[in-house]
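Chains as they are written, first to last, in our numbering: chain D, 3 to 288; chain H, 12 to 281.
It should be emphasised that the hints constitute simulated quantities derived from the structure, not laboratory data. We put the beta carbon where it would ideally sit given N, CA and C, even for glycine. It cannot be assumed that every hint is accurate.
As the list claims (entries may be wrong) - Among the chain H residues that face chain D by a calculated CB cut under 7 Å, a handful are: (1) Leu38; (2) Pro42; (3) Tyr64; (4) Leu66; (5) Ala103; (6) Ile148; (7) Val151; (8) Ala185; (9) Leu187; (10) Met240; (11) Ser256.
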Amino acid sequence: MSSATHPPVTQYDLKLALPLAGLFALFFIAPLVLLIIVSFYTDTSMTRFGLDQYARFLLDPFSLGVLGSTLWLGVKVTALCFILGFPLAWIYVRAPRWAQGILMLVVVLPLLTSVVVRTFSWIVILGRQGIINNTLLGLGLIDAPLRLLYTEGGVVWALAQVQMPLMVLPLITALSRIEPNLEDASAALGAGAWRTFFRVTLPLSLPGIIAGCLLTFAASITAFITQSLVGGGRMLFMPMYLYQQSSTLNNWPFAAAISVIFLIAVLGAVTLFNFLGRLARGTAEA
Amino acid sequence: MNGRPLDFGAFSFRLVMGLLGLAAVTLLIMPTLVVVIVSFTNSFSLRFPPPGYSLRWYAALGDAWQLQFAAWNSFTVALWTTVLAIILGVAASLGIARSPKWTAKVLDSVFMSPLVLPALAYGLAALMLFSLVGWSISPVTLIIGHTVVCVPYVIRTTVAALAQLDTVLLESSASLGASRFYTFRRITLPLIRPGILAGAFIAFMSSFDNVPVSLFLRDARTDMLPIRMWQDLEGKLDVTIAAVSGAMIALTIVALVVMERLTGLSRRIR
């Protein structure tokens, strides 16, 4: 059926990808290469090459602290999303069809709502006259409004809400692929609900857990808007640090070095998660 | 199944899962509800619950020309971005989806990589490139930047739709004498259309909502809605923003319900 010149009818010519490949070469790969080159300039007028910008970042406790707190923020948000998101996905898979429709709307709507709008709602919730402070004051649990906005806890909860769909959707996919008989078999063999969960359900959904954690982690450490609006000026994370250096201070080489270090950190996390994912798929299929 | 009248393990397990799931649902819904309620306030503050209700902040939107201007810019850029993302993305998906070549796999990873890379770093990199080659910032540079970060959504859903396509249909069409183009137009395209639409919808929404790339690639003439809102929020807590948010949430819900009917959106973004 397939001649030497034409691929089979079920395939299309790879050349169809060329226009987009061209766009990516010019406007994605080239800028990133340029970013790396600029990061090796020693001065803001960009005349000499050297490792000064990297030395400036990697030997500076303040910069390292910003990187560390950004990654740590990602870990906390991912953990919170997992603890709340896994039960939600577990319930979704077992819910009747009509409830699944509602739950899916609840999960997908935040994903499509503007990030500025979602973040704005947290300003309303956490503010001095917000719902939490007014409830606590009304119940007489506190005498004066608590400072909830511009705290790290506030950032973690807001980011967890903003990124939760990224955790729940892969988990739903993974959980709905698990053969229900396996859990029944585990119960029939005398394992309790908790034991079945930890020995059967959780290991079998590991690929989904890893995919969800990767997406949540990558999204929360780069979430510029939520970090800056809920965190305020007191907390500095990598995206804002990068933006300040490039736009406010016009220090392109240092901003480029921050970007490259941040890119490497994100790629490192992606590689680690992908490696774990391959291990997990091996376990889940064995 | 279980004969014992009271199974403490099963009970406590279900209780914990139920409570955590309920907490998750509350966390997901509450912010949207709070914004919608606060947008109907009659006061000048974002106090919750509002002291009284009115439509005054929605009426105020009629005079908020800065926000209207930014919203129109965001809409045009998102529209162009979506058109480009569909044309380039669907062609690329057809090329890579069933190809056994290793280059197809490499291209796939490259096309998807804007999804995980920090978009702010890409925005800065793109600004550097445009200033190096001497292109001044314009809607064109903005649309190019947006297309790069939004095209992965179209590719993801289109490749998934192509992977589910039954090849027997294509082979029978060909064996009945249909040309490749006729088969594409009459068989392939109608079957993958929901996938393309779902991806295009997400690409549009994410372009409309994009901050990190726009932050570097826009100027005063191309003020974008999310950035305008962000800057308004940094400065003062303006209740007009609550009305904008309420309107955006309403539009998003309508679009979501329509797209769910048309394309089964929620199955395609998992």
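We went through each hint and held it up to the structure:
Restraint check, H:Leu38 versus chain D: the minimum CB separation of about 5 Å is within 7 Å; hint holds. Satisfaction of the interface hint for H:Pro42 is found here, the shortest Cβ-Cβ separation to chain D being roughly 3 Å, below the 7 Å cut-off. Of the supplied interface hints, the one on H:Tyr64 is violated, with its beta-carbon coming no nearer than about 15 Å to a beta-carbon of chain D, more than 7 Å. The restraint placing H:Leu66 at the interface with chain D is violated, with a minimum CB-CB distance near 18 Å, outside the 7 Å limit.
Interface hint status for H:Ala103: upheld, as the beta-carbon distance to the closest one in chain D is roughly 4 Å, under 7 Å. Evaluation of the H:Ile148 hint against chain D yields a violated restraint, the C-beta minimum of about 13 Å exceeding 7 Å. Below 7 Å, beta-carbon pairs count as interface contacts, and H:Val151 has none with chain D, the closest being about 11 Å; its hint is therefore violated. Hint status for H:Ala185: holds, given a least beta-carbon distance of 4 Å to chain D, under 7 Å.
Taken as an interface hint, H:Leu187 does not check out: its beta carbon lies about 11 Å from the nearest beta carbon of chain D, beyond 7 Å. Among the interface hints, the one on H:Met240 holds; its C-beta lies about 5 Å from the nearest C-beta in chain D, closer than the 7 Å criterion. Satisfaction of the interface hint for H:Ser256 is found here, the shortest Cβ-Cβ separation to chain D being roughly 4 Å, below the 7 Å cut-off.
The structure is inconsistent with the numbered hints 3, 4, 6, 7 and 9, although it conforms to all the rest.
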